[in-house]
Amino acid sequence: MRRHGTVEHEIYLDNAATTPVYPDVARAVMKCMIEDFGNPSSLHRMGLRAERKLKEARERIASALGVDADGIFFTSGGTEANNLAIVGTALARKREGRHCITTQIEHPSVLNTFKYLEKEGWEVTYLPVNKEGVISLDDLKKALRPDTVLVSIMHVNNEIGSIQPVNEISNLLKTHGNAPVFHVDAVQSFGKLTLKPAQWGIDLLSISGHKVHAPKGIGALYIRKGVKIHPLQWGGGQEKGVRSGTENMPGIVGFGEAVRWLEEVDRDYLYRLKGILVAELIERVPSAVINGPSPEKGAPHILSVSFPGIRGEVMLHALEEKGVYVGTGSACSSKKGHVSHVLEAIGSRKDIAQGAIRISLSYLNTEDDVRRAAGLIQECVKELEGFVRR
Amino acid sequence: MERVALLRYGEIHLKGLNRPYFERALYNNIVRALEPYEGVTVRKAEGRYYVENIGDNPRVFDSIAKVFGIISFSPALKVEKDIISIQKAAEMLLRQAIEGRSAAQEGPFTFKVESRRSDKSFYLNSMELSRKVGGYLLKRIPNLKVDVHNPMVMVNIEVREWAYVYCQTIPGAGGMPVGTNGKAVLLLSGGIDSPVAGWMIAKRGVEITAVHYHSFPYTSERSKEKVIELCRILSQYCGEIKLHVVPFTKIQQELYQKCPHNMLTILMRRFMMRIAEMVAHREGAKALVTGESLGQVASQTLESLCATNDAVSMPVFRPLIGMDKIEIMDLAKRIGTYETSILPYEDCCTVFVPKHPVTRPKLEKVREAEKLVEGEKLIEEALANIEVLNVKG
Chain D
12 MRRHGTVEHE
22 IYLDNAATTP
32 VYPDVARAVM
42 KCMIEDFGNP
52 SSLHRMGLRA
62 ERKLKEARER
72 IASALGVDAD
82 GIFFTSGGTE
92 ANNLAIVGTA
102 LARKREGRHC
112 ITTQIEHPSV
122 LNTFKYLEKE
132 GWEVTYLPVN
142 KEGVISLDDL
152 KKALRPDTVL
162 VSIMHVNNEI
172 GSIQPVNEIS
182 NLLKTHGNAP
192 VFHVDAVQSF
202 GKLTLKPAQW
212 GIDLLSISGH
222 KVHAPKGIGA
232 LYIRKGVKIH
242 PLQWGGGQEK
252 GVRSGTENMP
262 GIVGFGEAVR
272 WLEEVDRDYL
282 YRLKGILVAE
292 LIERVPSAVI
302 NGPSPEKGAP
312 HILSVSFPGI
322 RGEVMLHALE
332 EKGVYVGTGS
342 ACSSKKGHVS
352 HVLEAIGSRK
362 DIAQGAIRIS
372 LSYLNTEDDV
382 RRAAGLIQEC
392 VKELEGFVRR
Chain S
603 MERVALLRYG
613 EIHLKGLNRP
623 YFERALYNNI
633 VRALEPYEGV
643 TVRKAEGRYY
653 VENIGDNPRV
663 FDSIAKVFGI
673 ISFSPALKVE
683 KDIISIQKAA
693 EMLLRQAIEG
703 RSAAQEGPFT
713 FKVESRRSDK
723 SFYLNSMELS
733 RKVGGYLLKR
743 IPNLKVDVHN
753 PMVMVNIEVR
763 EWAYVYCQTI
773 PGAGGMPVGT
783 NGKAVLLLSG
793 GIDSPVAGWM
803 IAKRGVEITA
813 VHYHSFPYTS
823 ERSKEKVIEL
833 CRILSQYCGE
843 IKLHVVPFTK
853 IQQELYQKCP
863 HNMLTILMRR
873 FMMRIAEMVA
883 HREGAKALVT
893 GESLGQVASQ
903 TLESLCATND
913 AVSMPVFRPL
923 IGMDKIEIMD
933 LAKRIGTYET
943 SILPYEDCCT
953 VFVPKHPVTR
963 PKLEKVREAE
973 KLVEGEKLIE
983 EALANIEVLN
993 VKG
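Sequences listed follow chains D and S, in order. With the first sequence counted from 1, adding 11 to any position gets you our numbering. With the second sequence counted from 1, adding 602 to any position gets you our numbering.
Please keep in mind that the hints were generated in silico from the structure rather than gathered at the bench. As the structure is a computational prediction, the values presented were derived from the model and not from experiment. Careful, some of the hints might be misleading.
Only pairs whose alpha carbons sit at most 30 Å apart, straight line, appear in this in silico DSBU-like list of lysine-lysine [what the hints assert, rightly or not]: (1) K994(S) - K967(S); (2) K646(S) - K393(D); (3) K860(S) - K361(D); (4) K361(D) - K826(S); (5) K852(S) - K393(D); (6) K646(S) - K714(S); (7) K333(D) - K852(S); (8) K105(D) - K42(D); (9) K826(S) - K617(S); (10) K785(S) - K852(S); (11) K741(S) - K714(S); (12) K927(S) - K333(D); (13) K308(D) - K105(D); (14) K805(S) - K973(S); (15) K646(S) - K690(S); (16) K251(D) - K126(D); (17) K393(D) - K994(S); (18) K844(S) - K979(S); (19) K646(S) - K994(S); (20) K142(D) - K105(D); (21) K964(S) - K979(S); (22) K153(D) - K236(D); (23) K690(S) - K734(S); (24) K979(S) - K393(D); (25) K393(D) - K734(S); (26) K333(D) - K860(S); (27) K646(S) - K333(D); (28) K227(D) - K785(S); (29) K826(S) - K333(D); (30) K979(S) - K361(D); (31) K860(S) - K393(D); (32) K361(D) - K957(S); (33) K852(S) - K714(S).
Only some residues are given here: those of chain D computed to face chain S with a beta carbon under 10 Å [as the list claims (entries may be wrong)]: (34) Y280; (35) R322; (36) E324; (37) M326; (38) A329; (39) L330; (40) E331.
The beta carbon of each residue, even a glycine, is placed where N, CA and C say it ideally should be.
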């Protein structure tokens with residue numbers, strides 16, 4: 012953060028919530044807004060210029076995923092991509108069956124969409140996960156039915172960073188007679204893990220710009236050639252009629268620019284940072300409990316950790332006072348006693364679940380950031396430990 | 603033809619020699635409430651107020667409805683004192699009223715014209731004026747009928763220095779002009795009750811200064827924002843509110859570490875009262891106001907209230923004392939604070955809540971428990987670090 016002119020002592024470690032826009036990206040966005048502001052559908056030269064920019068961004072994102080540019084459909088973000096994938100498939104295949112499979116630990120943009128489908132008469136199986144937050148292929152196999160038309164499973168969990176074996180899941184589905192559509196919510200893994208939807212046989216894949224240093228309000232859905240999706244909005248027929256509406260050009264250009272930058276970064280950097288963070292934390296705060304997968308098995312940028320007896324929210328605010336910004340992974344209020352559905356699914360004890368904070372890293376964080384953060388966490392734990400609620 | 607409002611006040615009429623004082627206060631409050639609207643003016647005449655130059659801004663009426671001391675008001679048209687202007691104004695208002703009639707209502711639309719004349723030089727008397735206007739309306743608007751006993755709409759005409767025509771009388775907020783009954787300190791949490799308590803006391807003409815206890819990191823910046831928003835809503839009724847945000851974490855932590863846990867809440871409340879009393883002294887306020895309601899929670903039993911009171915010598919007003927939660931919620935909805943109050947951010951009262959709080963604390967024991975912390979020092983420190991915000995609707 013320091014590099015972006017924010018207050019010297021602030022350390023931003025809530026990158027799974029959102030990331031700062033990378034300066035080069037912001038410059039590209041600004042240029043797009045005030046110079047290359049044409050509508051790609053316009054017939055004149057300005058329109059053509061915009062269309063070229065659009066094509067360029069689409070190709071760059073496609074190439075980052077190793078797919079054809081034809082398969083990238085821009086949306087307003089991860090939520091819309093997930094909604095479009097799920098409801099769009101349901102509407103397109105409703106005559107073939109009315110059963111879907113997902114997991115208990117999906118993002119609300121997936122879970123709530125399936126809840127909506129359930130109200131509309133669909134049947135949905137929610138697969139459980141183990142202590143590490145991973146589903147079992149056996150469970151999936153058992154859940155598959157002749158009328159299963161859609162399987163939607165996230166790649167990286169946003170709260171605990173567990174990674175689902177999407178490649179193996181895809182292989183498994185291919186052997187299933189009815190070949191249900193396979194959707195992967197890759198919002199948290201894009202830009203951090205290897206992602207090869209075409210090679211792995213994934214049909215639909217959602218990504219989002221603001222998790223990878225692009226602006227908010229831009230995302231994309233990859234649709235494998237031949238997979239039918241019913242549109243959810245109608246208009247001028249942009250994005251081949253799948254997603255009408257004038258393209259969010261500043262967002263798209265920024266997304267493309269961020270992806271270009273991502274190609275240059277060292278993908279192992281986040282794992283190294285996380286390694287340092289975990290080592291420092293364990294040494295300084297022996298009582299800390301790591302939730303979900305062991306740090307090297309989980310995603311490189313997400314660490315869920317609990318400090319027994321200290322509520323996550325209190326810890327978050329105490330850290331905030333010292334200039335460290337983390338998340339709790341779920342907006343919960345102790346008054347209502349809500350516990351994260353993800354932590355509940357991995358079988359966390361209630362007090363551990365209530366004590367969880369989520370530390371999430373980005374390529375812009377430094378070793379110094381995580382070391383200092385660990386030190387400040389230690390300070391906070393010391394200050395708060397005396398006030399455990401009984 | 604100009605849009606105006608006629609404002610009527612009630613209780614002030616009862617005041618004897620002090621009446622001009624109350625009238626001036628009310629005038630100032632109306633002016634202040636209408637400050638945001640450019641060009642709108644307020645004029646006083648014959649036991650009422652006129653809001654003029656309203657133009658086409660219906661929000662002016664919402665603001666008028668929130669001024670304590672006004673019992674009712676009427677949006678009116680101000681016209682020249684000639685029969686044609688009056689007839690035209692009446693027709694316009696009546697047509698509006700008919701348009702506003704719900705589709706479910708059928709049959710003829712009934713009305714009555716009632717005239718008053720303080721300008722006796724006007725060439726028609728009241729009866730004649732009513733008849734002329736009524737006849738005109740019957741001729742101009744189809745499917746209309748006069749009903750003198752139970753009309754759907756009453757067309758009122760007042761001939762004074764100008765002629766005023768109106769069809770609607772809207773209840774005002776009632777009560778006394780804010781500021782005419784001194785000043786009090788309101789203990790404002792983020793909950794449903796305390797803003798309502800503040801509103802009720804302000805209604806009796808009391809100026810409100812608010813105190814909020816902030817327990818960062820146990821409560822968040824958002825919980826503070828929520829209290830600021832509550833003050834903003836209240837200030838639409840009582841004018842600008844000075845909000846004192848008191849850092850309370852240290853006191854709560856000390857109490858938690860050193861005192862018996864079953865007495866935490868009552869001890870906390872005593873500290874809150876003491877600090878509020880100190881703020882009251884600073885601000886020239888003469889009383890404290892809380893949102894307590896008898897028996898609602900453990901800290902609001904009669905014994906607990908006594909133990910809380912014991913901490914201060916100033917009068918403590920608890921306007922909600924006899925109200926049910928449902929009644930309080932209804933009132934909160936009416937005054938517009940409910941939606942903000944139910945936002946799920948923690949407030950200081952939910953930090954360190956004991957599992958089994960005492961419901962019948964013995965004063966002796968409470969006083970004893972309190973000695974386990976250095977109260978004066980803690981209070982001094984809290985007072986020294988108060989953050990003051992001036993909040994305006």
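Quick rundown of the hints versus the structure:
In summary, the hint linking K994(S) to K967(S) is not supported, as the alpha carbons are separated by about 43 Å, beyond the 30 Å threshold. At most 30 Å may separate the alpha-carbon atoms for a hinted pair to count; K646(S) and K393(D) exceed this at roughly 65 Å. With a C-alpha separation of about 27 Å, the suggested pair K860(S) and K361(D) falls inside the 30 Å cut-off, and the hint holds. A threshold of 30 Å between alpha carbons decides the hint, and for K361(D) with K826(S) the separation of about 28 Å falls inside it, so the pair holds.
Between K852(S) and K393(D), the direct Cα distance comes to roughly 15 Å. Compliance with the 30 Å bound is thereby established for this hinted pair. Between K646(S) and K714(S) the CA atoms are separated by roughly 28 Å; this keeps the pair inside 30 Å, and the hint holds. A hinted pair counts as satisfied when its Cα atoms are at most 30 Å apart, and K333(D) with K852(S) qualifies at roughly 17 Å. Annotation: proposed proximity of K105(D) to K42(D) is violated, straight-line Cα distance about 44 Å (limit 30 Å).
Restraint check for K826(S) and K617(S): the C-alpha separation of about 40 Å exceeds 30 Å, so the hint is violated. Taking the CA atoms of K785(S) and K852(S), the gap is near 29 Å; set against the 30 Å cutoff, the hint holds. Distance hint between K741(S) and K714(S) is fulfilled; the C-alpha atoms sit about 14 Å from each other, no more than 30 Å. Note on K927(S) and K333(D): the hinted pairing is violated, with a Cα-Cα distance of about 40 Å set against a maximum of 30 Å.
Taken as a hint, the K308(D) and K105(D) pair is broken in the structure, with Cα atoms around 37 Å apart against an allowance of 30 Å. Restraint check for K805(S) and K973(S): not satisfied, since their Cα atoms lie roughly 39 Å apart, outside the 30 Å limit. The straight-line distance between the Cα atoms of K646(S) and K690(S) is roughly 26 Å, inside the 30 Å bound, and the hint therefore holds. Restraint check for K251(D) and K126(D): the C-alpha separation of about 28 Å stays at or below 30 Å, so the hint holds.
The straight-line distance between the Cα atoms of K393(D) and K994(S) is roughly 40 Å, outside the 30 Å bound, and the hint therefore fails. In summary, the hint linking K844(S) to K979(S) is supported, as the alpha carbons are separated by about 25 Å, within the 30 Å threshold. Distance check on the hinted pair: K646(S) and K994(S) sit about 25 Å apart at the alpha-carbon level, within 30 Å; holds. Simply put, K142(D) and K105(D) have alpha-carbon atoms about 34 Å apart, too far for the 30 Å limit, and the pair is violated.
Our distance criterion of 30 Å between C-alpha atoms is met by K964(S) and K979(S), whose separation comes to about 25 Å. A C-alpha spacing of about 28 Å is found between K153(D) and K236(D), which places the hinted pair at or below 30 Å, so the restraint holds. This hinted pair checks out: K690(S) and K734(S) have alpha carbons roughly 12 Å apart, not beyond 30 Å. Only pairs whose Cα atoms come within 30 Å are accepted, and K979(S) paired with K393(D) is accepted, the gap being roughly 24 Å.
For the hint pairing K393(D) with K734(S), the CA-to-CA distance comes to about 85 Å; that exceeds 30 Å, so the pair is violated. Restraint check for K333(D) and K860(S): the C-alpha separation of about 26 Å stays at or below 30 Å, so the hint holds. Proximity of K646(S) to K333(D) is assessed by CA-CA distance (about 56 Å); at most 30 Å being required, the pair is judged violated. Only pairs whose Cα atoms come within 30 Å are accepted, and K227(D) paired with K785(S) is rejected, the gap being roughly 48 Å.
In summary, the hint linking K826(S) to K333(D) is supported, as the alpha carbons are separated by about 18 Å, within the 30 Å threshold. About 38 Å separates the Cα atoms of K979(S) and K361(D), which puts this hinted pair outside 30 Å; it is violated. For the given pair, K860(S) sits about 18 Å from K393(D) by alpha-carbon distance, which is consistent with the 30 Å threshold. Our distance criterion of 30 Å between C-alpha atoms is met by K361(D) and K957(S), whose separation comes to about 17 Å.
In summary, the hint linking K852(S) to K714(S) is not supported, as the alpha carbons are separated by about 67 Å, beyond the 30 Å threshold. At a threshold of 10 Å, the smallest CB-CB gap from Y280(D) to chain S is about 31 Å, leaving the interface hint violated. Below 10 Å, beta-carbon pairs count as interface contacts, and R322(D) has one with chain S at about 8 Å; its hint therefore holds. Using the Cβ-Cβ criterion of 10 Å, the hint placing E324(D) at the interface with chain S is satisfied: the shortest such distance is roughly 7 Å.
Given hint, M326(D) at the interface with chain S, holds; its Cβ is 8 Å from that chain's nearest Cβ, closer than 10 Å. Checking A329(D) against chain S by beta carbon gives a least distance of about 4 Å; that is within 10 Å, so the hint holds. Using the Cβ-Cβ criterion of 10 Å, the hint placing L330(D) at the interface with chain S is satisfied: the shortest such distance is roughly 8 Å. Because the beta carbon of E331(D) sits about 7 Å from the nearest beta carbon in chain S, less than 10 Å, this interface hint is met.
In summary, the structure is inconsistent with hints 1, 2, 8, 9, 12, 13, 14, 17, 20, 25, 27, 28, 30, 33 and 34 from the numbered list given earlier, while agreeing with the others.
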